[in-house]
Amino acid sequence: MLKCERQTADGRRQTAGERPARLKATCLRRSVSCLLLSASCLLVTGCRRDMQDQPKAKPYRSSSFFKDGLSSRPLVEGTVPRGWLRADTEFFTGKKNRTQGSTAPTGAQGAPSSGTNTSGTTTASQTAAAAYPDDTDKFPFAITPDVLVRGRERFQIFCSVCHGMTGNGDGMVFRRGFRLPAPASFHQERLRQAPVGHFFDVVTNGWGAMPSYASQIPAQDRWAIIAYIRALQLSQQGVSPSATQSSTPAATATPAAKSGGKQ
Numbered sequence: 013m014l015k016c017e018r019q020t021a022d023g024r025r026q027t028a029g030e031r032p033a034r035l036k037a038t039c040l041r042r043s044v045s046c047l048l049l050s051a052s053c054l055l056v057t058g059c060r061r062d063m064q065d066q067p068k069a070k071p072y073r074s075s076s077f078f079k080d081g082l083s084s085r086p087l088v089e090g091t092v093p094r095g096w097l098r099a100d101t102e103f104f105t106g107k108k109n110r111t112q113g114s115t116a117p118t119g120a121q122g123a124p125s126s127g128t129n130t131s132g133t134t135t136a137s138q139t140a141a142a143a144y145p146d147d148t149d150k151f152p153f154a155i156t157p158d159v160l161v162r163g164r165e166r167f168q169i170f171c172s173v174c175h176g177m178t179g180n181g182d183g184m185v186f187r188r189g190f191r192l193p194a195p196a197s198f199h200q201e202r203l204r205q206a207p208v209g210h211f212f213d214v215v216t217n218g219w220g221a222m223p224s225y226a227s228q229i230p231a232q233d234r235w236a237i238i239a240y241i242r243a244l245q246l247s248q249q250g251v252s253p254s255a256t257q258s259s260t261p262a263a264t265a266t267p268a269a270k271s272g273g274k275q
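Read in order, the letters of the sequence shown are residues 13 to 275 in this note's numbering.
These are computed hints drawn from the structure, not numbers from a lab.
Model, not experiment: these values are computed from the prediction.
You may find that some hints are simply not true.
Claimed, not checked - Simulated restraints, written as ranges between beta carbons of each label pair: (1) PRO193 with GLN249: 18 to 28 Å; (2) GLN249 with ARG94: 18 to 28 Å; (3) MET177 with ASP146: 40 to 50 Å; (4) PRO86 with ASP146: 27 to 37 Å; (5) SER74 with GLU201: 38 to 48 Å; (6) ASP146 with VAL173: 43 to 53 Å; (7) LYS68 with ARG94: 22 to 32 Å; (8) PRO145 with GLU201: 17 to 27 Å; (9) PRO86 with ASN109: 23 to 33 Å; (10) VAL185 with PRO145: 27 to 37 Å.
The beta-carbon is built from N, C-alpha and C at its ideal position, and this holds for glycine as well.
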């Protein structure tokens, strides 16, 4: 019995001696696991790319990636921005569409008739057509009262300061001393017979001392202004605008503005 108790005590001493070794091995395993986890976190962090650190080309900076050294790449030839496809040549340029041809006769909508001499009016219209062979002589959409109201509003904002409220070329700029060259009067025979496309070209590209208004006035409003100019010309000749409705396409509502970033 004493022998068994001694053996049991020896076994307990052995077990107590193995505990530090086991504890040491457990701590070692935990340390290795922590190191591996830390290394994994470092690797993951090293592969992370924030937006401010991602590879990119900043505008107007040089780049060694491209042969020409420019980071900004030119557009592919023939690229048209969305909304800038100007398929309607007459609407956006005031020029005749040579592929389809002009459907309205010269002077039908472009030049108001003087009502004095039929042969003389025809001759003046032919002269105007010869002077502006590429300019369209018809409006690209129907002229309604709403269009004229819009044209009058835009005319008074952009045009009256030089050309005057009635288009006689006596605007406030002229009255305050800008007289060389003097603003044109819309009631002179040359401009009464000029096609509407000529006015659109002048507003779009400028003429003489007059700058371009293409960046300030959309194409739809340019045509509305020209329609109001025609109304002013007719008012000085004693002709009611309703007398020209037979040569204007019928419409019941103002057409919606056509798409285009810069019209």
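Going down the list of hints, with the structure as the test:
no. : hint                           : verdict
1   : PRO193 with GLN249: 18 to 28 Å : holds (25 Å)
2   : GLN249 with ARG94: 18 to 28 Å  : violated (45 Å)
3   : MET177 with ASP146: 40 to 50 Å : violated (31 Å)
4   : PRO86 with ASP146: 27 to 37 Å  : holds (31 Å)
5   : SER74 with GLU201: 38 to 48 Å  : violated (59 Å)
6   : ASP146 with VAL173: 43 to 53 Å : violated (29 Å)
7   : LYS68 with ARG94: 22 to 32 Å   : holds (24 Å)
8   : PRO145 with GLU201: 17 to 27 Å : holds (19 Å)
9   : PRO86 with ASN109: 23 to 33 Å  : holds (30 Å)
10  : VAL185 with PRO145: 27 to 37 Å : holds (32 Å)
Violation of the numbered hints given earlier is confined to hints 2, 3, 5 and 6; the remaining hints are satisfied by the structure.
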